[in-house]
Amino acid sequence: MTSQLSTKRAWWRWRPDQQWEGYLFILPSFIGFFVFVILAVIFSLGISFSDWGLTGFKAWAGVENYQALFRDPVFWRALHNTGFYLITIVPSQLVLGLAMALALNQSLRGVGFYRLIYFMPVVTTIVAGAIVFRLLFSTHGPVNGLIEGVAGMFGASVQMPNWLGSTRHSKWAVVFLTLWKNTGFTMVIYLAALQGVAPELYDAAHTDGANAWQRFRHVTLPMVSPTTFFLFIFQAIGAFQLFTEPFVMTQGGPANSSLSVVQYIYLAAFRDIRMDKAAAMAWFLFLFIFIFTLIQNRMQRHWVYYETSD
Amino acid sequence: MAGNVSVSAGNALTGPDKVGRALLHTALIAGTVLMVAPFVVMLVVSLIPQEAFLSRNFSPAQYSLTNFVETFRVVPFGRYYFNSAVVSISVTVGQILISSLAAFAFSRLRFRGRDVLFLLYLATLMIPFPVTLIPNFLIIRELGWYDSYPALIVPGFFSVFSTFLLRQYYRGLPMELDEAARMDGASSLRIWWQIVVPLSGPVLAALSIFVFQAVWNDFLWPLVVTSSAEMRTIPVGLNSFVGQYSTAWGLLMAGSVIALLPVLLIYLLAQRWFVEGITLSGMGGR
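These protein sequence lines map, in sequence, to chains A and B.
Just so we're aligned: 9 in numbering that gives the first Met the number 0 is position 10 of the first sequence, and the numbers increase by one with no gaps anywhere.
Just so we're aligned: 32 in numbering that gives the first Met the number 0 is position 33 of the second sequence, and the numbers increase by one with no gaps anywhere.
So that you can see chain B by itself, here it is in the shape it has in the complex (with noise of 0.2 Å):
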């Protein structure tokens, strides 16, 4: 709605006559169909058994779900849901929490050390992830944590960006909120839970949906710290299956139907959230 009037505000001016509103069509519909042809070919080769593809027989007459029901008796796929479910939602909860519990320190309380601390860790922002993942590797074994939930969680629960972004907003609320509370005998925990954190409703869903994303389609992470197939998350058990039936296009694309699914579903219900949390999280890194 709001993107909506920006629009045509933005615009009353140079607003296309009727020829330039039909070409404008004819390349977003051409982009259209660029964009949705990959999943259009993995939803329909999903659909055909692998013998009426290998005889290129692509007609509906053909479709049937035998692929899926397949992929699900080779592959674990139900164990990898459960896994991926439960690491997304426990990274998202625990990482902003404890984000949200160091922004609220950085931006509204006032001690020694403060303001060199939050530069210590605005200066790690610039290292990139290979860095860290060989000694974060070592480190997970040395705790004994390899192939476990652990492995999969905890280090996501800490977040340099996460905890920026936080702060970012808490610094824009007003301050005489938590002096009138302290006037008043809340404590620094209560003015958080109970003032700043219902504040900031909306850039906690949109910062929620974008780690909650980011952690459903992690790759190289999972993919180092797990071994096991008990432990794989959705993408990992994807890749192992790429390797396992390598041509086997209707099983593998009935097992990126079933992997993309629930991502896509939940993208197309909360659409508005999901590019705004991508936005503003996209935007306030750097």
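Chain A on its own, in the form it takes in the complex (with noise of 0.2 Å):
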């Protein structure tokens, strides 16, 4: 009753509809996300199909961009090594990041000095890091020179390669300065997710006589297997668009051994201003990422368990 009284009070200020108000709370969102979102996306797609040189636009092209990408062994080459970042960042960044996360969960001393250490990297500008790893990884570095030392005291010498001027080794310096960014962001989200597993389920599992592997098999991994997939999908996207790591370190060589796609991106876009075959390389990697997800989607009912699902 007093409601209904208050609402007829109020009805001159009160618009139960909401419209207007609802576009002008969205409008500044709006505006942004037309011009950089949608409107990017058309101009992208349309310079991807056209010839867009120094001078702009000059003429469509149909897919010769993209045709032309096939042929581009330096686009082979950075697609090759986007695919060996994927296929070796991703899978020891989640194991380490499950192995540390396992151990942080663990009711020991030091638990939080540990999460410190482990998740200072993730907020170290990457730059810096890169900078830092140059040096780690130079022929007569610290890296070079501790193994060396070690092998030396068991009277054993090794030949240690100069990691960032070999056409072998200088996409392991990649990845290594990947997981040393990155495993500490793998480690809280899995720590977070440890922390959600019900102890009753362990406790059954007990009962019913596993050990810790069992435990940690039959009951932890399913029980975390949605946030590794989320982990997963995330790491791999991360994965695919790789830049500033080979950029700053190796500068994508020697001879483009290390050059990742969206590096090769950027080259092509603002080295060499070739803003159409850079919009295609964009292109191709968006759809490469959208199927990859796909297909991943697709598999997760394989063995990802999820708990309110049936």
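You may find that some hints are simply not true.
[Claimed, not checked] Label-pair ranges, simulated between beta-carbon atoms:
1. A:215 to B:35: 43 to 53 Å
2. B:53 to A:30: 49 to 59 Å
3. A:139 to B:32: 34 to 44 Å
4. B:73 to A:56: 37 to 47 Å
5. A:59 to B:84: 52 to 62 Å
Source of the hints: derived by calculation from the structure; they are not laboratory data.
Beta carbons: idealized from backbone N, C-alpha and C, even for Gly.
With the hints as a guide, bring the two chains together.
Below is the structure:
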């Protein structure tokens, strides 16, 4: 009754349809969304199908830019390298991150300290990280020095590579930098997931006589599998778009051996001023990521366990 | 605190014995050494003058701040700092305000086309950054913003991700609050500012820290839209420094220390918020 009364009194201030207010609230966000996302996407697609260089639009080119990509050996090189980053970085990060999270999920002294340290690289400016790793992995740098020193103590002599100057090893230096930088992120996400596993499940498994490995295999792993799936997709998308690490550490070299696709996009657009080619690569990458995600999404029902679904 | 409680609760049963404990600590300390080593190398090398470094003389007697003095002399780090601070703070404040307004409308106002529009927003979350990089660069140049603060700041105001995250949170707040306020004659703007925003303090804090560190550390966009030293942010400035002094390790490390100091300091002071912000934002996306 009272509500009816107050509605009546305030009718001129309260517009129940909220039609215009809604649009007004969204307007600032929508202007940016329209210009920098919607317009940009259409624009980018247009560029990828045209002849677009230093002076801007010249002519429509059909699928010429895409066809040229497949004839470009450097593009294949970059694609190959990106695939390498994907299959090395993503699984190692998941395994390391889960291992770290499992260790920190124990009732141990100093857990907070370890977490503080492991997460530190995540907030580090990646350019600074890349600079240190350049020193760490230089020919006579600390990494080689340490390994040679330890080997020397056992009377062995090892030939350590010049990581950044070798076409075979440059990618590995990039992988190590990425792992150092990002594993802490994987760890905290896993830690949050582990803390959400109901203790009763472990109790029940224990009562059934499951040992530590069996509890991990049949309780922990299935319970965190949605997180594993999320992290897998998240890290894979990140690996597909790797840029700063190779850009600062190796400049993609030597001989394009560590060049990533996004780095090649950057070079095509801003060094060679071939916006059309760069846009075509970006769309190709998008398609690649999209199909990859779609396939993983289909495959998840075979290994991801959702508590709420039946 | 909360984390520690649940750690022990989750493992009251499986808590490791003495040997297990020792093994775990050994592994964790080894991990600590690996994680910290790059920072230690950075700091030590930054303190060693070039001549001593070349003769591999790492004794602490050599330590001095000459590299820092020299770095500040040859590189306008003061300017980089200033730019990074201006850009990071502006983007964080602007992005959260604009996203919050939109998220409020998407979650608590009823109007035609709302859900379709939101779906359109969500669909674009899939689009990788490189796709919009080139057109956005061209748009910025067309607007006459190339190599200026607006180029660094304005595109950062709009984030589908932040809008999505806040909308999820706002949806969880009871609608009765809005209805009661409307009965009392409050406008939507007032409901947003005096009810919804104050109730979302923790999520706003977490998101702010996430956005701030992401913008502070962002490299590709500022690299693309700046050309002069006056407009560089710290990561871009640091990178151009590498180009000029590729093997002057002392200077490079001093520059890296200078670049990292503010973020690491904030991280050490507000660790819990950092971890929470990044966890929350990392999980909210997908």
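Open item on the list: Of all the hints numbered above, which does this structure not satisfy? Sort the numbers upward.
Closed with: 1, 3, 5
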